[in-house]
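Hey, can you work out the whole structure from these sequences and the hints?
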Amino acid sequence: MTKRPLEILDQVLNGQPVIISLKGGHEIRGVLQGYDVHLNLVLDRAEEEVDGAVVKRGTLIVRGDNVIYISPSVE
Amino acid sequence: MTKRPLEILDQVLNGQPVIISLKGGHEIRGVLQGYDVHLNLVLDRAEEEVDGAVVKRGTLIVRGDNVIYISPSVE
Amino acid sequence: MTKRPLEILDQVLNGQPVIISLKGGHEIRGVLQGYDVHLNLVLDRAEEEVDGAVVKRGTLIVRGDNVIYISPSVE
Amino acid sequence: MTKRPLEILDQVLNGQPVIISLKGGHEIRGVLQGYDVHLNLVLDRAEEEVDGAVVKRGTLIVRGDNVIYISPSVE
Amino acid sequence: MTKRPLEILDQVLNGQPVIISLKGGHEIRGVLQGYDVHLNLVLDRAEEEVDGAVVKRGTLIVRGDNVIYISPSVE
Amino acid sequence: MTKRPLEILDQVLNGQPVIISLKGGHEIRGVLQGYDVHLNLVLDRAEEEVDGAVVKRGTLIVRGDNVIYISPSVE
Amino acid sequence: MTKRPLEILDQVLNGQPVIISLKGGHEIRGVLQGYDVHLNLVLDRAEEEVDGAVVKRGTLIVRGDNVIYISPSVE
Numbered sequence: 001m002t003k004r005p006l007e008i009l010d011q012v013l014n015g016q017p018v019i020i021s022l023k024g025g026h027e028i029r030g031v032l033q034g035y036d037v038h039l040n041l042v043l044d045r046a047e048e049e050v051d052g053a054v055v056k057r058g059t060l061i062v063r064g065d066n067v068i069y070i071s072p073s074v075e
Numbered sequence: 001m002t003k004r005p006l007e008i009l010d011q012v013l014n015g016q017p018v019i020i021s022l023k024g025g026h027e028i029r030g031v032l033q034g035y036d037v038h039l040n041l042v043l044d045r046a047e048e049e050v051d052g053a054v055v056k057r058g059t060l061i062v063r064g065d066n067v068i069y070i071s072p073s074v075e
Numbered sequence: 001m002t003k004r005p006l007e008i009l010d011q012v013l014n015g016q017p018v019i020i021s022l023k024g025g026h027e028i029r030g031v032l033q034g035y036d037v038h039l040n041l042v043l044d045r046a047e048e049e050v051d052g053a054v055v056k057r058g059t060l061i062v063r064g065d066n067v068i069y070i071s072p073s074v075e
Numbered sequence: 001m002t003k004r005p006l007e008i009l010d011q012v013l014n015g016q017p018v019i020i021s022l023k024g025g026h027e028i029r030g031v032l033q034g035y036d037v038h039l040n041l042v043l044d045r046a047e048e049e050v051d052g053a054v055v056k057r058g059t060l061i062v063r064g065d066n067v068i069y070i071s072p073s074v075e
Numbered sequence: 001m002t003k004r005p006l007e008i009l010d011q012v013l014n015g016q017p018v019i020i021s022l023k024g025g026h027e028i029r030g031v032l033q034g035y036d037v038h039l040n041l042v043l044d045r046a047e048e049e050v051d052g053a054v055v056k057r058g059t060l061i062v063r064g065d066n067v068i069y070i071s072p073s074v075e
Numbered sequence: 001m002t003k004r005p006l007e008i009l010d011q012v013l014n015g016q017p018v019i020i021s022l023k024g025g026h027e028i029r030g031v032l033q034g035y036d037v038h039l040n041l042v043l044d045r046a047e048e049e050v051d052g053a054v055v056k057r058g059t060l061i062v063r064g065d066n067v068i069y070i071s072p073s074v075e
Numbered sequence: 001m002t003k004r005p006l007e008i009l010d011q012v013l014n015g016q017p018v019i020i021s022l023k024g025g026h027e028i029r030g031v032l033q034g035y036d037v038h039l040n041l042v043l044d045r046a047e048e049e050v051d052g053a054v055v056k057r058g059t060l061i062v063r064g065d066n067v068i069y070i071s072p073s074v075e
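Residue numbers (UniProt numbering), protein chains in the order written: chain A, 1 to 75; chain B, 1 to 75; chain C, 1 to 75; chain D, 1 to 75; chain E, 1 to 75; chain F, 1 to 75; chain G, 1 to 75.
The hints are simulated quantities; they were obtained by calculation from the structure and are not laboratory data.
Please note: incorrect hints may appear among the correct ones.
Taking lysine-lysine and the DSS-like style, the derived pairs with C-alpha atoms no more than 25 Å apart in a straight line are [as the list claims (entries may be wrong)]:
{"hint": "1", "chain 1": "D", "residue 1": "3", "chain 2": "F", "residue 2": "23"}
{"hint": "2", "chain 1": "G", "residue 1": "23", "chain 2": "G", "residue 2": "56"}
{"hint": "3", "chain 1": "F", "residue 1": "23", "chain 2": "B", "residue 2": "23"}
{"hint": "4", "chain 1": "C", "residue 1": "56", "chain 2": "E", "residue 2": "3"}
Okay, here's the thing in structure tokens:
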């Protein structure tokens with residue numbers, strides 16, 4: 001049984017924080033509030049590590065073409 | 001309940017300034033006056049930090065494919 | 001009330017010079033004479049700064065995918 | 001007899017771990033749980049090597065445009 | 001009155017040489033003989049500056065996605 | 001008489017190894033088992049040279065947008 | 001009278017060698033045997049200069065998005 005990539009995201013909506021790895025070395029952590037077919041994302045309580053410090057970003061709309069991967073769970 | 005990424009932008013139109021992170025290291029702050037499905041943006045009273053100084057840009061039309069993320073609120 | 005990004009350009013056609021920021025660090029100033037939906041632009045009396053000197057380019061057709069932003073006014 | 005590239009992936013769903021080579025030098029190993037026509041992937045028990053150490057990523061949704069190749073088997 | 005970017009090119013077909021600025025730092029000069037909607041170009045008597053020397057290229061078909069701008073006239 | 005680029009690939013399916021040159025400097029050798037219109041490829045008995053050593057990759061699914069060229073024969 | 005960029009290629013099919021300039025600095029010389037609308041190319045008796053030496057590549061299928069320009073004639 002196969003899982004559709006985007007449908008996996010439904011399981012983590014408004015749940016525990018996810019990690020978003022972006023092109024250019026950005027890594028953002030936040031609660032996924034929404035997404036669309038382009039993988040545009042809405043993150044709430046987003047945090048980004050910049051030069052070793054955690055910067056709080058509040059709500060973020062991320063353009064999907066920047067996404068490398070989304071990690072909905074960390075073991 | 002999921003939120004559509006682009007619809008979030010309706011909530012910040014003509015409101016408090018948003019921060020736009022662009023590919024190539026640009027970061028622009030301004031009041032969002034409009035957008036379209038490509039994430040092309042109209043910003044009013046835009047400011048960009050260049051070499052440590054804030055440069056006022058007035059109105060800007062930003063081509064959507066440059067956008068990494070839009071931060072409509074800062075905690 | 002929202003403004004459509006491309007419609008803003010109608011207000012500056014054949015008016016005061018606009019500034020075009022392009023990927024790769026080009027910055028061009030000129031009078032906007034036309035555009036299309038891809039943000040292909042026609043500029044008249046275009047000037048580009050190259051190595052600290054202003055080079056006059058006359059008319060330019062700019063391919064839209066190079067555009068970062070268009071600044072129709074400077075405060 | 002020719003094999004369709006995406007159909008090959010059906011044979012390794014939920015099987016032995018695959019190796020995913022991504023642009024930018026990322027290499028991820030995990031069990032393929034799903035994919036779509038864009039080569040968006042769902043990986044389970046994903047592991048990534050970062051600075052010589054293996055980092056466990058749990059489940060990952062990888063955006064297809066980052067993929068260089070997928071190696072379903074290693075001789 | 002607005003000018004459509006591609007229609008401007010009709011005025012310089014088979015006329016005086018145009019300058020084509022390409023991504024990656026190429027700059028080519030030649031007589032425009034044709035174009036299409038992707039900004040694919042046909043240039044005749046094309047010349048390119050390589051390491052300070054002018055190299056004659058004869059006829060060139062340039063793929064449109066490499067174009068930064070076309071300068072049909074130089075003041 | 002013209003040859004369609006993709007149809008050429010039919011002639012080398014399951015034949016002698018082909019060489020695939022990929023963006024980013026990868027070069028892969030293997031037996032072509034399938035392809036599609038995006039130039040997504042299935043290679044069998046694939047080998048890649050990494051730091052001067054040949055690494056056997058078994059079967060590979062290569063995403064077509066990484067391909068620079070395919071060399072079905074070497075003189 | 002304008003010439004359509006792709007139709008120019010019909011004139012050099014199976015004729016004298018053409019030069020293909022590719023992104024990333026590759027330059028390939030060969031006899032054009034076919035092309036399609038994406039500028040995917042089939043070259044016969046292809047040669048590439050690598051580190052100052054000419055390497056014979058036989059037949060090549062070049063993916064069109066790598067092409068900067070095609071030079072069907074050299075003056």
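Results of checking the hints against the structure:
Restraint check for residue 3 of chain D and residue 23 of chain F: the C-alpha separation of about 24 Å stays at or below 25 Å, so the hint holds. The straight-line distance between the Cα atoms of residue 23 of chain G and residue 56 of chain G is roughly 20 Å, inside the 25 Å bound, and the hint therefore holds. The straight-line distance between the Cα atoms of residue 23 of chain F and residue 23 of chain B is roughly 21 Å, inside the 25 Å bound, and the hint therefore holds. Only pairs whose Cα atoms come within 25 Å are accepted, and residue 56 of chain C paired with residue 3 of chain E is accepted, the gap being roughly 21 Å.
Of the numbered hints stated above, none is contradicted by the structure.
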